[in-house]
Amino acid sequence: MMGFMMAQNFTPPPSVPKTSKTDLTDLTVAEIRDGFRAGDFSAREVAEGFNANVAAAKALNAFIVETPEKALEAADAADKAKAAGETLGQLAGVPIGMKDLFCTNGVQTTAASHMLEGFVPTYESTVSGKLWAAGAGMLGKLNLDQFAMGSSNETSYYGNVISPWRRKDGGNAALAPGGSSGGSSSAISARLCPAATGTDTGGSIRQPAAFTGISGIKPTYGRCSRWGIVAFASSLDQAGPMARTVRDNAILLEVMSGFDPKDSTSLDLAVPQWEANLSSDLKGKKVGIPKEYRPDGLNAEISAMWDRGIAWLKDAGAEVVDVSLPHTKYALPTYYIIAPAEASSNLARYDGVRYGQRDLPDGAGLQDMYAATRAAGFGPEVKRRIMIGTYVLSAGFYDAYYTQAQKVRALIARDFEQAFETCDLLLTPTAPSASFALGEKQADPLAMYLNDVFTVPASLAGLPAMAVPGGLDSAGLPIGLQIIGKALDEQTVLNAALAIEERSGFTARPDKWW
Amino acid sequence: MSIDLQTVKKIASLSRISVTDAEAEAMVPELNNILGWVEQLGEVDVTGVQPMTAVIPNHQRLRDDVINDGDVRDKVLANAPQAEHGFFAVPKVIE
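The listed protein sequences derive, respectively, from chains A and B.
In terms of this note's numbering, the first sequence opens at residue 125 and continues consecutively.
In terms of this note's numbering, the second sequence opens at residue 136 and continues consecutively.
Rather than coming from a laboratory, the hints here were simulated on the basis of the structure.
Predicted model only: the values in this text are computed from it and were never measured.
Where a beta carbon is used, it is the ideal one built from N, C-alpha and C, also for glycine.
Please note that the accuracy of each hint is not assured.
[Said to hold, decoys possible] If you want the footprint, here are the derived chain A segments under chain B, 3+ residues with CB under 8 angstroms: (1) 318-325; (2) 458-464; (3) 524-530.
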């Protein structure tokens with residue numbers, strides 16, 4: 125109840141003047157942006173600070189490729205533009221991390237796979253291109269689960285990412301930073317970058333954010349262009365930002381969003397001014413609490429955090445109503461048909477001919493080359509999902525599995541539509557537990573899949589959803605809350621997250637051991 | 136519906152992933168576990184429900200039928216494991 129008591133007396137923190145004595149790597153995106161513009165520090169000082177943190181954090185294995193020179197190049201351009209009195213981009217002076225699923229022109233892009241080791245794109249993904257055009261600099265390419273398939277960052281070909289958090293039990297067990305955007309979550313929470321890109325297919329932004337005590341938003345499907353992002357499951361994949369504050373997420377999402385003719389599912393809509401319209405006053409808003417998200421046996425601390433979140437939103441002026449999403453229990457099995465089916469189709473492109481690895485046994489023909497290349501280039505989880513997908517799409521099984529899953533998916537989306545007739549947003553837990561130890565769930569794929577139980581339904585329905593930290597559990601690890609909004613209503617999602625952020629007083633950070 | 140060793144080998148072949156006998160045997164229980172779990176979807180009443188095709192309503196766009204890209208052959212070939220004379224090169228297909 126500690127957090128709730130604090131909420132009663134909440135007053136916004138006074139803005140602290142930034143001096144050169146502040147550790148620049150403790151600043152948020154908004155503080156870096158504004159401080160740079162005000163002349164409190166140079167962009168180069170900021171980039172050098174983060175470059176140093178990145179270089180000193182090898183133990184976290186958050187980066188696959190470090191690009192300090194790119195960060196400095198963008199910083200020098202920002203300093204020069206400022207000195208010349210030129211108009212500055214929205215992210216001028218802000219260095220960020222780039223999940224290694226976004227193709228970056230001239231910088232290796234691997235999707236954390238052996239298959240794409242050495243692949244250097246000759247083009248830039250739309251989303252990363254927008255970030256660079258806004259003045260952001262790249263600190264490096266962040267590690268992830270291989271082809272974004274995983275919930276603990278244990279499927280990367282380049283080794284596990286380690287969470288900077290440790291349990292307060294005196295042990296040194298290496299904990300999972302979540303997945304698939306585990307390099308992003310680990311790096312932000314360890315102050316290696318103030319923000320990073322993530323991608324979310326079934327929770328890959330939200331669950332890692334929850335595990336590391338940061339925020340992240342998956343926007344409405346179609347807000348961010350998928351062009352140039354290594355594809356996993358195209359009807360679910362969405363890019364989004366990850367950062368320490370809600371405001372920072374709004375700033376980045378504005379830059380990352382927008383219509384792109386190169387993505388056939390891109391939404392041709394203007395990008396709202398999410399940052400300017402941030403407001404934690406929720407008067408007149410109705411918050412739905414879906415009863416199916418509180419199954420028997422839900423972790424007591426997660427359940428208590430959820431109750432605290434409900435109280436915080438009430439305190440912000442919202443009205444709370446009970447809602448039902450009756451098909452929730454079918455969301456995960458639906459996802460684990462649709463996502464592998466789309467993956468088996470998308471990953472057919474890795475054939476050893478056009479890019480990536482080629483394995484050509486002596487005297488092998490073309491078909492043997494395909495099979496050998498794919499056996500050597502894909503990790504076990506990727507193979508598992510390709511094979512599940514191939515099976516559910518194969519002759520005789522397509523209707524029983526794939527068509528049935530697409531029908532249930534329609535019912536899951538309808539559940540949300542009906543719930544939103546009586547409320548404006550939903551509040552739920554983000555993950556069923558706090559972070560777990562590396563290796564703890566790796567032996568059982570099904571146990572790992574269950575980690576996405578609260579995040580997958582919104583993905584299947586294409587809805588905007590955000591993770592925001594709520595507090596620490598009894599082991600000293602972050603646990604978070606999830607807000608799910610109506611399609612295209614990212615503003616309400618951000619505003620509710622802001623109301624929670626203001627009331628939770630979450631300032632915890634991992635003790636530096638790396 | 137459970138799958139056997141032969142089915143796993145067939146799926147691997149359709150997926151163009153070579154597997155050893157030992158790998159295929161290890162995959163039988165793994166895949167059966169996952170497929171057994173997703174089969175619970177069969178109990179959902181989907182009478183009259185259309186399978187979802189687009190998650191957010193959107194319309195298919197057409198663009199003008201004009202050339203808007205191209206002349207990037209070297210860029211396209213830049214990451215090929217083997218490229219010769221401006222082409223992707225593969226092992227001989229016709230004996």
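Counting residues of the region 458-464 of chain A that have a beta-carbon nearer than 8 angstroms to any beta-carbon of chain B, does the count reach 3? With 3 residues closer than 8 angstroms to chain B, the region 458-464 of chain A meets the three-residue bar; holds.
Report holds or violated for chain B covering the region 318-325 of chain A, Cβ cut-off 8 angstroms, minimum 3 residues. violated (count 0)
Do three or more residues of the region 524-530 of chain A come closer than 8 angstroms to chain B, measuring C-beta to C-beta? holds (count 6)
The structure is inconsistent with hint 1 alone, although it conforms to all the rest.
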